[in-house]
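Enquirer: Spelled out, the chains give:
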Amino acid sequence: MNIQTKLTGLRSKCFGSRIAQSTVIGVYLLSSSLWLHTAERSVLAFLMVLFSFLLLYYADKLPVPVRIAVGGGVFCLLIPLVTDANPYYLEVVSNVGIFIALALGLNIVVGFAGLLDLGFVAFFAIGAYTYAIFATKQANQFIPPAFMQFPLSGEWFWLFLVIGLFVAALFGVILGFPALKVKGDYLAIVTLGFGEIVRIVFNNLDRPVNITNGSRGLPNIAQPELFGIAFKPIHYYYLILIVVAITIIVIRRMENSRLGRSWVAIREDELAAQASGIRLLRTKLFAFAIGASFAGVMGVIFAAKQTFIDPSSFVLMQSISIVVMVVLGGSGSIPGVIVGAAIVTVLNVQVLQEFATWLKGLSFISIPPELDPSQYQRLILGIILVLFAIFRPKGIIPARRPSIDMEAIRRSDKEGKPLE
Amino acid sequence: MKKMNSLAILTLGFSVMLTACGGSNGNSASSGTASPAAASSSSSGEALPVIKLATQTALSGANAEMGIDVKNGVELAVEENVERFKSLGFDLQLLSLDDKSDAMTGTTNAKSLVNDKDVLVELGNIYSSVLFAAMPIYEEANLPVISAATTNPGLSREGWKTFHRVSGTDDTQGPDAAQFIFDEGIKDIFIVASSDDYGRGLADEFRKKADELGMDVLGNEQVDPQETDFNTISTRIVASGAKAVFFGGFYAQGGQFLKQLSDKKYSGMFVSGDGINDNGFLETARAENVGNVYFASVVGDLLNDPEGQVWAAKYRAAFGKDPGAFGVYAYDSALIALSSIEKAISDNGGGKPTREQVNDIISLTSGFEGILSKVTFDEKGDNVDATNFIKTFKSGTYPAEQIKAME
Amino acid sequence: MSGLSELSILPQVLIDGLTLGFIYAVVAVGYTMVYGILKLVNFAHGEIFMIGAFAGTEVLLALQRFGIVDGVNPYVSLLIAILIASLLSGFIGVGIEYAAYRPIRGVPTLILFITAIGLSFILQDLVRMVVGLAKGTYLVNGVELFSGSFAIGGSAVITEKAIVIIAATLIIMIGMELFVKKSKWGIAIRAVSQDPSTASLMRININKVIALTFFVGSAIGGATGVLYAQYYSTITPYIGFLLGMKALTAAILGGIGNIRGAMLGGVLLGLLESLGTAYIGPLTGGAIGAEYKDVFAFSVLILVLLFKPAGLLGKAVKEKV
Chain L
1 MNIQTKLTGL
11 RSKCFGSRIA
21 QSTVIGVYLL
31 SSSLWLHTAE
41 RSVLAFLMVL
51 FSFLLLYYAD
61 KLPVPVRIAV
71 GGGVFCLLIP
81 LVTDANPYYL
91 EVVSNVGIFI
101 ALALGLNIVV
111 GFAGLLDLGF
121 VAFFAIGAYT
131 YAIFATKQAN
141 QFIPPAFMQF
151 PLSGEWFWLF
161 LVIGLFVAAL
171 FGVILGFPAL
181 KVKGDYLAIV
191 TLGFGEIVRI
201 VFNNLDRPVN
211 ITNGSRGLPN
221 IAQPELFGIA
231 FKPIHYYYLI
241 LIVVAITIIV
251 IRRMENSRLG
261 RSWVAIREDE
271 LAAQASGIRL
281 LRTKLFAFAI
291 GASFAGVMGV
301 IFAAKQTFID
311 PSSFVLMQSI
321 SIVVMVVLGG
331 SGSIPGVIVG
341 AAIVTVLNVQ
351 VLQEFATWLK
361 GLSFISIPPE
371 LDPSQYQRLI
381 LGIILVLFAI
391 FRPKGIIPAR
401 RPSIDMEAIR
411 RSDKEGKPLE
Chain R
421 MKKMNSLAIL
431 TLGFSVMLTA
441 CGGSNGNSAS
451 SGTASPAAAS
461 SSSSGEALPV
471 IKLATQTALS
481 GANAEMGIDV
491 KNGVELAVEE
501 NVERFKSLGF
511 DLQLLSLDDK
521 SDAMTGTTNA
531 KSLVNDKDVL
541 VELGNIYSSV
551 LFAAMPIYEE
561 ANLPVISAAT
571 TNPGLSREGW
581 KTFHRVSGTD
591 DTQGPDAAQF
601 IFDEGIKDIF
611 IVASSDDYGR
621 GLADEFRKKA
631 DELGMDVLGN
641 EQVDPQETDF
651 NTISTRIVAS
661 GAKAVFFGGF
671 YAQGGQFLKQ
681 LSDKKYSGMF
691 VSGDGINDNG
701 FLETARAENV
711 GNVYFASVVG
721 DLLNDPEGQV
731 WAAKYRAAFG
741 KDPGAFGVYA
751 YDSALIALSS
761 IEKAISDNGG
771 GKPTREQVND
781 IISLTSGFEG
791 ILSKVTFDEK
801 GDNVDATNFI
811 KTFKSGTYPA
821 EQIKAME
Chain F
828 MSGLSELSIL
838 PQVLIDGLTL
848 GFIYAVVAVG
858 YTMVYGILKL
868 VNFAHGEIFM
878 IGAFAGTEVL
888 LALQRFGIVD
898 GVNPYVSLLI
908 AILIASLLSG
918 FIGVGIEYAA
928 YRPIRGVPTL
938 ILFITAIGLS
948 FILQDLVRMV
958 VGLAKGTYLV
968 NGVELFSGSF
978 AIGGSAVITE
988 KAIVIIAATL
998 IIMIGMELFV
1008 KKSKWGIAIR
1018 AVSQDPSTAS
1028 LMRININKVI
1038 ALTFFVGSAI
1048 GGATGVLYAQ
1058 YYSTITPYIG
1068 FLLGMKALTA
1078 AILGGIGNIR
1088 GAMLGGVLLG
1098 LLESLGTAYI
1108 GPLTGGAIGA
1118 EYKDVFAFSV
1128 LILVLLFKPA
1138 GLLGKAVKEK
1148 V
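Chains as they are written, first to last, in our numbering: chain L, 1 to 420; chain R, 421 to 827; chain F, 828 to 1148.
Okay, chain L solo, but in the shape it has when bound:
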């Protein structure tokens, strides 16, 4: 009996029944949240609470509503309670949320439609700057005061969520149009080029007309207001949570729609898809635009949350990090991408720093600054990429091919009604 079989057996014994699953989850949640509460900066405790949702995902003996309720409880109640004393965790989990949404957006382009986009962060930047320019004094530079005074107050934030969405989607189409006309293998370089162009333009658009304030960035971004209350970090957390939830729901819906299936068809075999009547360019553009719109919305939220943005947050490395999240997690699979985003973000933001600090604290080892672990970011990302590409190209949680329900198809054919 090999390890795989043994594990499977162990699996069904410990986690096979409803009682087992509920107990395991209960114990896990209790212990990890206690740990998180007592520890000041423990990365592991944090990761554990975060990945409780993974356990929930796999607890297939419990009814779905129950799992959703527990998951909701964890994210809406447990985490805020436990991190209440510790804004650092809140910051990290909010960032994770932002990148989850970004990765999900890229997943549409890369995972569903199979288009390698290496300049995705450009849409994120566009959303962020769209809001920031008008939420700071910046817009006064090129809009005459008689017309409007800036910065806009916090209530405009909600409108800008929508504006950011459309502006980003618009750029998705503008950038997508030429990008998709070139031969498939060149797409990556062209998108990379676009990403760089957007960054360089933002970095230098302070002359002749000062639109983005160039490399100096835009400080003091107006905070959103809801019913007169200005946002605090905890509100951002909930907002991000809601947006991520909406994102997941929307993408799930799309996955099963005609559009979603067209994307998969294009990804698998462009020629066959075209022969089946799918309008290639239009469908790909949709992927680009929709993916971009998610990034745009998150960009607006990011700008408000950071209160200061500058072009250095939107570099090529970010685009590639997001690609890593998608590939690592499982290209095309929603839970996979979420896991991938969580892992990479936490790695970038927390793990390496903590590891470095911990190493330095061990007074018997002295690490020369060149070997400082907080700088291993590229090395580790690179190793992850190579190992996964060789050994597990489908990612941590591979995308599931939905099984074809021939009966349902026949029925819908006969009745003339759309597929469920």
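Take these hints with a grain of salt, some might be off.
[As the list claims (entries may be wrong)] Calculated pairs, DSBU-like style, for lysine-lysine (alpha carbon to alpha carbon, straight line, at most 30 Å):
1. Lys-734/R <-> Lys-962/F
2. Lys-814/R <-> Lys-962/F
3. Lys-734/R <-> Lys-506/R
4. Lys-506/R <-> Lys-800/R
5. Lys-537/R <-> Lys-763/R
6. Lys-1035/F <-> Lys-1011/F
7. Lys-232/L <-> Lys-772/R
8. Lys-800/R <-> Lys-232/L
9. Lys-962/F <-> Lys-741/R
10. Lys-663/R <-> Lys-232/L
11. Lys-628/R <-> Lys-607/R
12. Lys-137/L <-> Lys-629/R
13. Lys-866/F <-> Lys-394/L
14. Lys-741/R <-> Lys-814/R
15. Lys-137/L <-> Lys-628/R
16. Lys-628/R <-> Lys-506/R
17. Lys-232/L <-> Lys-137/L
18. Lys-685/R <-> Lys-772/R
19. Lys-181/L <-> Lys-1011/F
20. Lys-537/R <-> Lys-232/L
21. Lys-663/R <-> Lys-814/R
22. Lys-137/L <-> Lys-800/R
23. Lys-866/F <-> Lys-181/L
24. Lys-763/R <-> Lys-794/R
25. Lys-581/R <-> Lys-137/L
26. Lys-685/R <-> Lys-741/R
Since the hints were made in silico from the structure, they are not lab data. Keep in mind the model is a prediction, meaning the values are calculated, not measured.
Mind docking chains R and F on chain L? Use the hints.
Expert: Just chains R and F now, with coordinates in the frame of chain L:
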């Protein structure tokens, strides 16, 4: 039926195992870098209440030499005062973080710094843009900040109560450089600015003064901070006949620029600001090319000052290399922080002071004399006693020679 | 700036553009060879170039320490550095192919791409750490072998360095042409690029040919690295990434898979960048300047691809259904 894969079961087993030792893990992971002296003192007997000085600066990236130098300055001050603080009943420690010259890392680090209740003062930033992003966080937590090297004038105009700086600002460095060039009888100049925060800011201030003085600006170009190819710009400069080139940016790039300029047989002046005040500049530009290099500096002359020489020797003994330009200012700023904390402790009857108390005392600093700096903070946090100097690399060695002081 | 001086710098600008362009060209050839045979963009090629630069610099620094550089004709030192660097790069290239690309042959392009990016990152950081440990900083200033220059008409100055680089890269490119057209192995490489299955029927050992392609491509990349180090005198572990992107852009501009196209693309790109830096500022009256030179170059690429999707010299490949 979905099959749970090995990953989840591993997570489960792992978590059960870890929860068992969860308690002890949590506490040990929470401390930052402890200076060796502090580590030994805390291991003997019971733990004293901790006071930390935090530095957040660029420990990696192209200009890491400057960041490390600054961190070293603070570290030296901390190490020298550990005993003193122990006698007051406190365990003094240094917490040092790397902001990677990136604003997002800077803000995340700032949040974690602010969260550590033992951190009473933040020091050591070198990138104005990163500090800009982090200041709102520090301000909200009432964490006092004393900066030694961030020269962007905008920092003191936001009305932050917790912001203080020991160094001068760009809006004096740039104009002083222009005045110097003018005084040398040169009117034809060419400006090249790195498009990052520092470079642009410096070049803009320079430009304003140059226009005021009626100088003939033959060209004003921007380059990406990562740019390494200056061949064509050098060609243009030589062809334009400019007698002085002003460069706004840091030493890694500046060095390459000057090297390529020299290759094109440019023989005029090369003027810049403190960004090039580093040995790396000389090495990259090659010593034979720096004969005509001048720069405006907020940094005084360390090695011609008797106190400075003693301090430099201490630095060398501790870190095995010569101090850079800003190390001594970071050291002085740390001294201000420490003496303010001491005063706060005594005001507090020997108990650990709050950040507000420390901040109030820092803001009142007046006539402080450090190794090289004289410090009096005004209500915006700027140092009214800061002076600018013009220095040159004429001798081809580091550190630069001081020519004159500008008022 | 007066109109007169603007034109007068043109010869100089062109020379600089050509020098840079030739460097791009050789690196682009490396990319294009591997793409032609494996349909894979070897992202790590830029890093191999970078390793070549560091290896060459180390060799020269060592030679200098032993007093050899000053005693011997600089061309000899350069040759030694190039030889060692190219051999090293060649072997590393083959190693990468064997360890990382061979096990995953046949997987979708996306995965190959990702692997290449990952390799690129790993190499960058490894070199940074090694160099940083050895020298205390990852910025390395090399040995300048050629410091002379010649004036040619007007204010144009051509440095000895530029001449050496142009000459060396020309030799390499001509060598490549001959190799691919005339030599047995070159023909084998072309055969495998065009039609692997038929080639194997002709008793060509595919694996050997692929390894050879990597070796040759990487070797010339490494050699170019040494030349680059001579041109700029200062190198960092990150030059590979930036230059790699540009060279890849050049290869695509010329039509990837096509060696002549890569050379053309490289030269064109170098000229474009140089001209852009020189004239964007003056032409727009200072509104925008040299900081947009990359935008300029990328925009040209995109425009070319819009009208000639397979690149300038690329042939549109008929897809078999």
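Enquirer: Kindly indicate which numbered hints from before are broken by the structure, ordering the numbers from low to high.
Expert: Numbers 4, 10, 16, 18, 19, 26, in rising order.
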